[in-house]
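Whole structure, please, built from the sequences with the hints as guidance.
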Amino acid sequence: MIQEYGSSYIRWGRTQCDGANSELVYSGYAAGQIYYDRKSTTRIGGPGNMLCLPNNPELSNRTASGNSNIYGSEFEESTFGHGSRQEDVPCALCRSRNSTTSVMIPGRKTCFKGWKIKFNGLLASSCNTCKASSYVCVDKNPEYIPGGETNDNHNLLYTTGTICGSLPCPPYHNNLELLCVVCSK
1333 MIQEYGSSYI
1343 RWGRTQCDGA
1353 NSELVYSGYA
1363 AGQIYYDRKS
1373 TTRIGGPGNM
1383 LCLPNNPELS
1393 NRTASGNSNI
1403 YGSEFEESTF
1413 GHGSRQEDVP
1423 CALCRSRNST
1433 TSVMIPGRKT
1443 CFKGWKIKFN
1453 GLLASSCNTC
1463 KASSYVCVDK
1473 NPEYIPGGET
1483 NDNHNLLYTT
1493 GTICGSLPCP
1503 PYHNNLELLC
1513 VVCSK
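Numbers given in the numbering used here equal positions in the sequence shown, counted from 1, plus 1332.
Among these hints, one or two may not hold up.
Between beta-carbon pairs, the in silico distance windows are [what the hints assert, rightly or not]:
hint	residue 1	residue 2	range
1	1417	1336	37 to 43 Å
2	1393	1446	28 to 34 Å
3	1389	1444	33 to 39 Å
4	1337	1501	36 to 42 Å
5	1353	1387	20 to 26 Å
6	1425	1401	33 to 39 Å
7	1388	1473	20 to 26 Å
8	1464	1350	27 to 33 Å
9	1417	1461	16 to 22 Å
10	1393	1502	42 to 48 Å
List time: in silico DSSO-like cross-link candidates among lysine-lysine, alpha-carbon distance up to 30 Å [what the hints assert, rightly or not]:
hint	residue 1	residue 2
11	1445	1517
12	1463	1445
13	1463	1517
14	1517	1448
15	1463	1441
16	1441	1517
17	1463	1448
18	1472	1441
Think of the hints as simulated: they come from the structure by calculation, not from any bench.
In this text, a Cβ means the ideal position worked out from N, Cα and C, and glycines have one as well.
Laid out in structure tokens, this is it:
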């Protein structure tokens, strides 16, 4: 009996998965909490993770309470790619066939020996004066959501830089953007 197995990963900034051993589960929209709340300085909570929302949702017919909202993500800097500033961010949920583990490795653009690369790019998160967010690896050649170039300032992505101190330099260097890679095994 042949048994198929696999692991999953999110390809931030792209709508497709690459490679013969990868398949697209769905494509959609990067989303998370608003980067700050204009109405109140006391509302500082909320989720810190980002989600890849599918482009074909099945929605309820009930009105939300408004106490927990999710917003589309946009690149807040042009360092992600030419013309990326203010562009909305797509994503793809990918399945890596014949692997049991997929990991994102910050600070590298290549996988360690025995691992297979899925994609690499720049490490991103919200700004250091914004609400918390997770670190995500944005593909080095990002796509943009058509019509999404307005400056909505909802869930914002910035490249992540290193700061020396508790983080040893070398091997790291002060204020350099961190690369990242997604690998499977």
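For each hint, the structure was consulted:
1. 1417 / 1336: 37 to 43 Å: Given a distance of about 42 Å, which is inside 37 to 43 Å, the answer is holds.
2. 1393 / 1446: 28 to 34 Å: Between residue 1393 and residue 1446, where Cβ atoms are some 49 Å apart, the hint is violated.
3. 1389 / 1444: 33 to 39 Å: holds (37 Å)
4. 1337 / 1501: 36 to 42 Å: Given range 36 to 42 Å: holds, Cβ gap about 40 Å.
5. 1353 / 1387: 20 to 26 Å: holds (24 Å)
6. 1425 / 1401: 33 to 39 Å: violated (22 Å)
7. 1388 / 1473: 20 to 26 Å: holds (25 Å)
8. 1464 / 1350: 27 to 33 Å: holds (30 Å)
9. 1417 / 1461: 16 to 22 Å: holds (18 Å)
10. 1393 / 1502: 42 to 48 Å: violated (57 Å)
11. 1445 / 1517: holds (10 Å)
12. 1463 / 1445: violated (36 Å)
13. 1463 / 1517: Status violated; Cα separation ~33 Å.
14. 1517 / 1448: Holds - the C-alpha atoms of residue 1448 and residue 1517 are around 6 Å apart, at most 30 Å.
15. 1463 / 1441: Given pair residue 1463, residue 1441 holds - Cα atoms ~27 Å apart, limit 30 Å.
16. 1441 / 1517: holds (16 Å)
17. 1463 / 1448: violated (34 Å)
18. 1472 / 1441: holds (10 Å)
In summary, the structure is inconsistent with hints 2, 6, 10, 12, 13 and 17 from the numbered list given earlier, while agreeing with the others.
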